[in-house]
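Q: Each chain is listed here by its residues.
2 protein chains.
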Amino acid sequence: MSTRRGDAVKFARDHMDEYLSSLKKLVEIPSISTFPENQNDIQRAASELAYQMEMAGMQNVKIIPTQGHPVVYGEDLSAGPEKPVVLVYGHYDVQPVDPLELWETPPFEPQVKGDYLVGRGTSDMKGQVLAALSAYHAIRKTQEIPVNVKFVVEGEEEIGSPHFRAFVEKHVDLLKSDISLNPDAGMMAPHLPTIVYALRGLAFFELLVYGPSHDLHSGVFGGVIHNPAQVLCEFIAGLHDQNGTVTLPGFYDRVKPLPDWEKQELSRLPLGEEVLLEQTGAPALWGESEFNFAERIGARPTLEVNGLYSGFIGQGSKTIIPAYAMAKISCRLVPEQNPHEVHQQFLQHLKNVMPPTVRWELKYLGGGNPCMTDIRHPANQALASALETVWGIRPVYKREGGSVPVVGDFKNFLGIESILTGFGLPDDRIHSPNEHLHLPTWKKGIEALIHFFFNLAEQEGLKH
Amino acid sequence: MSTRRGDAVKFARDHMDEYLSSLKKLVEIPSISTFPENQNDIQRAASELAYQMEMAGMQNVKIIPTQGHPVVYGEDLSAGPEKPVVLVYGHYDVQPVDPLELWETPPFEPQVKGDYLVGRGTSDMKGQVLAALSAYHAIRKTQEIPVNVKFVVEGEEEIGSPHFRAFVEKHVDLLKSDISLNPDAGMMAPHLPTIVYALRGLAFFELLVYGPSHDLHSGVFGGVIHNPAQVLCEFIAGLHDQNGTVTLPGFYDRVKPLPDWEKQELSRLPLGEEVLLEQTGAPALWGESEFNFAERIGARPTLEVNGLYSGFIGQGSKTIIPAYAMAKISCRLVPEQNPHEVHQQFLQHLKNVMPPTVRWELKYLGGGNPCMTDIRHPANQALASALETVWGIRPVYKREGGSVPVVGDFKNFLGIESILTGFGLPDDRIHSPNEHLHLPTWKKGIEALIHFFFNLAEQEGLKH
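Residue numbers (this note's numbering), protein chains in the order written: chain P, 1 to 464; chain D, 1 to 464.
Simulated from the structure, these hints should not be mistaken for lab results.
One thing to keep in mind: the hints can contain errors.
[What the hints assert, rightly or not] Over 10 Å on every C-beta distance to chain P, these chain D residues come out as not near it, computed from the model:
#1 82
#2 102
#3 188
#4 381
#5 433
[Claimed, not checked] Part of the chain P face toward chain D, derived, beta carbon under 7 Å:
#6 212
#7 222
#8 230
#9 293
#10 297
#11 319
#12 330
In this text the structure is predicted, and so the values were computed from the model without any measurement.
Glycine is no exception: its CB is placed at the ideal position from the N, C-alpha and C atoms.
Assemble the whole structure, with the sequences as input and the hints as a guide.
A: Right, dumping it as structure tokens:
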């Protein structure tokens with residue numbers, strides 16, 4: 001270990017108690033973004049975070065108002081214009097705590113229990129934000145920083161970041177960077193440092209099938225009127241084959257087969273049948289038999305029925321032919337699919353197959369592009385090397401099945417890639433009672449981020 | 001026309017204003033069975049009807065309490081034990097009147113407008129009950145009655161007759177008869193007297209398909225978990241073929257092909273495409289192409305989705321794999337199908353086709369057997385002849401698509417057939433604002449029922 005990074009790592013190790021205290025202070029503030037009654041706590045959490053950024057040595061720290069909850073910003077550009085700028089993304093808001101009675105300790109009175117710090121937001125993601133801030137602090141207190149850093153920490157992630165895109169668009173100059181680090185993605189297991197290099201996109205639809213102008217008596221008209229609920233079911237049934245492959249024409253046109261190296265990387269992920277059955281409670285797994293679980297979740301597009309409604313759904317019976325039927329249908333997309341093209345495919349398919357006995361309407365409710373960062377990208381290499389230094393094992397590479405809108409926003413407005421990692425674990429109970437943070441992993445994470453900042457400074461080809 | 005029946009018809013013609021006044025008095029009472037606040041009106045309507053029965057000359061008139069609204073009963077057995085007994089069924093309760101603002105005249109202030117009497121319950125079915133009572137009155141006031149009659153008029157038909165079955169079971173001796181006349185079935189058109197000789201049965205199910213133990217994030221698990229909403233849709237899609245024929249194995253095993261004479265009778269029904277499109281507002285008709293509309297509605301069994309639910313059905317989008325999906329499914333059955341056998345067919349089919357990736361549950365929510373009275377039954381012949389005498393045209397024979405539970409109850413507990421007719425018209429707006437009764441048709445109906453009672457007395461083979 002070079003002396004410079006060695007000094008920072010030693011400093012961090014000597015100050016872990018202090019970093020933990022700072023994290024507890026932040027966790028003590030119930031910054032639940034969804035409840036109006038926590039508005040004041042949101043402000044307090046933003047202030048506390050801004051204060052900690054100041055104390056760590058950052059400049060230009062400010063709490064920037066939005067149409068919703070404020071964004072906390074800080075920077076340290078003292079590495080100079082020759083060095084890259086890394087933009088650390090995070091959020092300081094948290095999920096609600098219901099059901100409160102299931103918490104073993106109060107959610108906003110963080111306590112160390114064995115290897116864990118228990119409390120709402122410890123893992124998701126105040127702990128992750130403070131890991132990055134602590135890594136910065138440890139370097140800053142021991143030497144000149146090797147790369148420029150910016151922190152941008154929003155307060156609305158848990159409610160879908162309704163104002164963050166507009167914020168990014170408005171503050172392009174302030175946020176200008178060469179790469180973004182998003183530590184909200186977590187690890188697959190304590191011994192498996194993880195890099196997320198791809199995210200699925202999304203296209204969300206509402207399909208309405210209209211039959212008669214009003215609910216009909218099924219005795220009086222059953223047999224001569226096409227039931228729109230039946231038509232909807234028949235349409236949906238035609239969207240998958242027996243193998244679970246989507247049959248919407250054109251859907252896979254842009255989906256590339258996985259190269260062998262990527263298949264090999266994905267096969268390292270501990271996504272076994274037993275784990276998935278336990279996490280879901282499903283009676284059995286399902287899906288495209290020619291792909292393994294990690295590929296099905298991360299590297300294959302899917303089509304899901306998210307909601308169904310028609311007619312009478314109360315207790316008991318009502319013998320009607322419903323006037324209409326509705327389905328919410330969404331697709332998870334992989335590179336190089338895009339939601340607008342899928343929308344067109346849906347429209348065309350409906351035109352082709354819907355019978356003249358019903359009318360239909362397809363509403364496009366939104367979507368986002370899939371994202372992928374080359375795992376050979378210099379920043380990914382810097383991160384991979386940092387993780388390997390600390391854990392002693394090459395990190396696993398994961399394609400995330402979900403979508404992280406901020407990654408697309410940074411790509412669109414700032415022109416930068418995001419690299420995703422984090423030090424939360426699958427059993428951290430985020431969004432649930434007794435959320436906790438595994439402290440040994442968190443401490444390793446702080447060390448790894450110190451290495452990451454140094455590694456970044458040494459990478460070629462990162463500066464825009 | 002024989003003198004005896006001629007006297008009664010003349011008497012009726014001379015007293016039509018009186019019969020209309022009696023009907024108005026009954027219509028003035030808002031006997032809405034579904035609202036607790038009309039409880040008192042229900043009692044008043046029962047009393048008024050009992051009074052009118054007494055005045056007409058019936059004996060043993062009584063208002064019999066049930067667990068719900070009371071039943072009005074009256075009889076005249078003066079024709080003697082050698083003559084048959086006809087049991088006239090009716091109901092004195094009515095539907096609610098909302099939306100009140102769409103009524104052109106107050107619903108419970110019956111007014112004659114041209115050929116119509118306007119008011120709630122005029123057609124459904126206070127007018128029909130009084131047509132039968134007036135026919136009885138006209139005979140009774142001119143001579144000895146030719147057949148024994150019993151009237152049983154309930155107060156809960158519009159809320160599904162929840163206590164009438166128990167009432168029939170409890171009063172088997174009181175209701176003992178040879179045939180029942182049910183004048184609640186109406187006519188196809190003013191010039192087309194109609195006899196309903198068959199009713200479809202019903203089997204009602206709720207099907208639940210369970211997938212994961214809780215709603216899952218479709219990004220995190222989409223691709224490896226079978227979506228229960230998709231599975232439900234695929235199951236439903238497999239219940240019909242392209243032609244609209246039900247594909248549930250065994251469903252048609254007991255369905256007999258229609259004999260030519262019956263096809264011919266049904267082809268006389270004015271069930272044209274234009275009429276059906278106008279009544280339903282559907283963009284096009286549908287169904288088994290080898291059967292005409294009347295056959296599809298009355299003589300063919302059907303399977304309908306009455307309701308669908310799964311996952312998220314609010315505004316906007318929520319990217320979940322739902323934990324479960326539900327469908328309400330009912331079948332209209334024709335002779336000789338029965339609901340319990342169809343239930344078994346469903347269970348067997350589910351066992352055969354449902355994948356092991358989901359769990360399922362089928363709830364049987366109830367049903368009833370189909371009914372059919374031979375159109376050559378003496379009572380049907382008595383009615384047909386009566387209708388033809390008055391209208392100068394042979395009546396049309398209709399298979400009703402819906403179910404009338406009282407017909408099955410009379411069959412089960414009293415061992416008697418029902419014959420169904422009536423003098424309401426399709427555009428009477430029953431259950432809707434501005435319900436009305438076509439008075440020329442109603443008056444013809446009174447005359448026809450006079451002939452019916454005389455014809456019954458002359459039929460052989462009716463007496464049990």
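Q: Looking at the structure, which of the earlier hints fail to hold?
A: none
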